[in-house]
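Model the full structure from these sequences, guided by the hints.
Sequences listed follow chains A and B, in order. Under this note's numbering, the first residue of the first sequence carries the number 1, and numbering increases by one thereafter. Under this note's numbering, the first residue of the second sequence carries the number 1, and numbering increases by one thereafter.
Below, simulated PhoX-like cross-link-like pairs (lysine-lysine); rule was C-alpha separation at most 25 Å, straight line:
#, chain 1, residue 1, chain 2, residue 2
1, A, 8, B, 106
2, B, 147, A, 8
3, B, 71, B, 20
4, B, 108, A, 8
5, B, 71, B, 27
6, A, 21, B, 147
7, B, 147, A, 330
Covered by chain A, according to a simulated footprint, are these stretches of chain B (three or more residues, beta-carbon under 8 Å):
#, segment
8, 86 to 99
9, 116 to 130
Simulated from the structure, these hints should not be mistaken for lab results. Ideal Cβ positions, reconstructed from N, Cα and C, are used throughout, including at glycine.
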Amino acid sequence: MRIHFKTKYDDDINLFEDGRKLFWYVLLVVLAILLPFIFDEYLLGEAVNVLIWAIAGMGLMILAGHTGQASLGHGAFLACGAYMEVWLQNKGVPFVLSLPLAGLFAGIVGAIIAIPALKMSGIYLAIATLAMGVIAEDVIILLEPYTGGIDGVYVEAFTLFGVEIDRYVSPDKFYWTCLGVVIIVTFGYANLLRSSTGRAFMAIRDSEISARAMGINVARFKTISFGLSCFVTGIAGGLLAHYMGAFNYEAFLILISIQLLLMIVVGGMGSIHGAFFGAAVVGFLPQLVTIVRETVTTVAIPGLDMGIFALILITIIVVEPTGLYGRWMKTRIWFELFPLARKDMFRRNKSYLKTERMK
Amino acid sequence: MSLLEVRNVSKSFGGVHAVKNVSFDVKEGEVFTIVGPNGAGKSTIFNLISRFYDVTEGSIKFDGNEITSLKPDEIAGIGIARTFQNIELFDHSTVLQNLLVGRHTKRKTSFIENVLFTPRVRAEERAHRRAAEDVIEFLDLHAYRNKMIAGLPYGVRKVVEIGRALACGPRMLLLDEPASGLSVEETQDVAYWIEDMQKDMGLTILMVEHDMSLVTQVSDRVLALNNGEMLSMGSPEEVQSDPKVIEAYLGVEDVT
Ligand SMILES: Nc1ncnc2c1ncn2[C@@H]1O[C@H](COP(=O)(O)OP(=O)(O)O)[C@@H](O)[C@H]1O
Ligand SMILES: [Mg+2]
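Right, dumping it as structure tokens:
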């Protein structure tokens, strides 16, 4: 068992509480940077897919996991970012500007949508955002001059710091670009969580009444959360546009929004890690299922792989409500305490009823 | 000087008159307690002051300024912090994070600076942390600093809630039944803390409490309410021996 003696407030304020933690994360990043030398082109493409989903997942996590506002229509903001990125690229805006602008566009749309959404919560918010996600499909088709309607749009390679980057011609460079964006977004997200804005989000999630009593302007911080969440999701959309190359409204069907929410639930709500765990599962598990199934039978039954995949996800949600990240933390603590761990260690104490909430 | 002036305040919910024409002053540095049977309207008065409810009639002044048109989230900023009768903590955060939320009104950085974690943000975080640490020290919460609220015993949560209100750096504290559900020892701790908050920190305290031994020990003045109406006001001894108060308590079976 390792005990960390904190000697300064900065030990808590810093992103990495000690050198050991920092070491592991640096190692992880180094490994990630070296991935193009290990993976073949196909696997690298899948890795990019996971990175983009992780960004989109972080976007939704800010809103759903940390502010407690469910969104079943986040695919709409993915679309905002993707179409804006294509439009800006075609206008000749350099990538270093176009990607943040694509995110900003999604963020502004999100903040505007937040205004009616502020009055809703729980199931009503879920239904409203679901409706928004469905409507988004039609809006994309209607905005033909910008979105290419049913035919969709096509985006060419982009240039970053004088280097031309194309998903197919230079998959490694595209991967590194995405990795860079992932690192920047993760860093900003972690910063948010260790400062007053992030704490205000979590306060709203846990008790709006108390948040108000502590002086938090709930409407304002929900709007900020919507804006930041959609900004990050829009960034993911911008990268997705380059990843797909050519796409139309079908890339943003409502199923995408639902998959995004499912992903962060499986990964673990309320943690940045959860977005990554979830993205890895959604990105790699279907392939893994197919590979494993093929060792049993080579006869492909339609829907079987998808069914197994869905079953695994449901099982995770049922047996581990805290998601994969929650399971990971528990396992780690178990090993650290070995052999002292107790069976009921993670059982919650009796929770107290909040019947008369306002009193 | 009166820090809080409540004048002819009434509140009705449809046909229910929860508070009827109540007036009282809380002087700067005083511990003022409201007692009364369940449903007397005590928590409603708290919710009127913290602006969760609008007054039906009357005026409430804090430090000479009318507050009945402020929003609930503007109350902490003017120096009034509160606890809730049924604990309302941020359950999925640690004790320390709960206390730090209490510092919200003291923040000076924007969300964009927060995302970039500029040196200004770091300096602010250190200051918040120091303030939270003072509260932890005062309420002896060291053992629970990094524990999640969900999973903490009831008594500890009750204390954390007082701590979170203290972290706001208020001039006046509203404590709604701070000792309800606590053991005799825990209640005694609360009594000492209230005395220290009054004497050492110079706080003004408005409290609702049923435990009469605690009330007599810490209160400067007491207001007894029944059915939303003022029954009696004065020193703890005066109120306790007022025939109207005795009658109200005897007439109601459930006095807790
Ligand atoms: N939000 C509300 N809606 C309707 N009635 C309420 C509300 N809040 C309080 N009341 C009523 O006002 C009366 C006083 O309640 P309260 O102030 O909570 O009493 P207590 O003195 O026990 O704290 C009760 O009859 C209660 O039912
Ligand atoms: Mg009450």
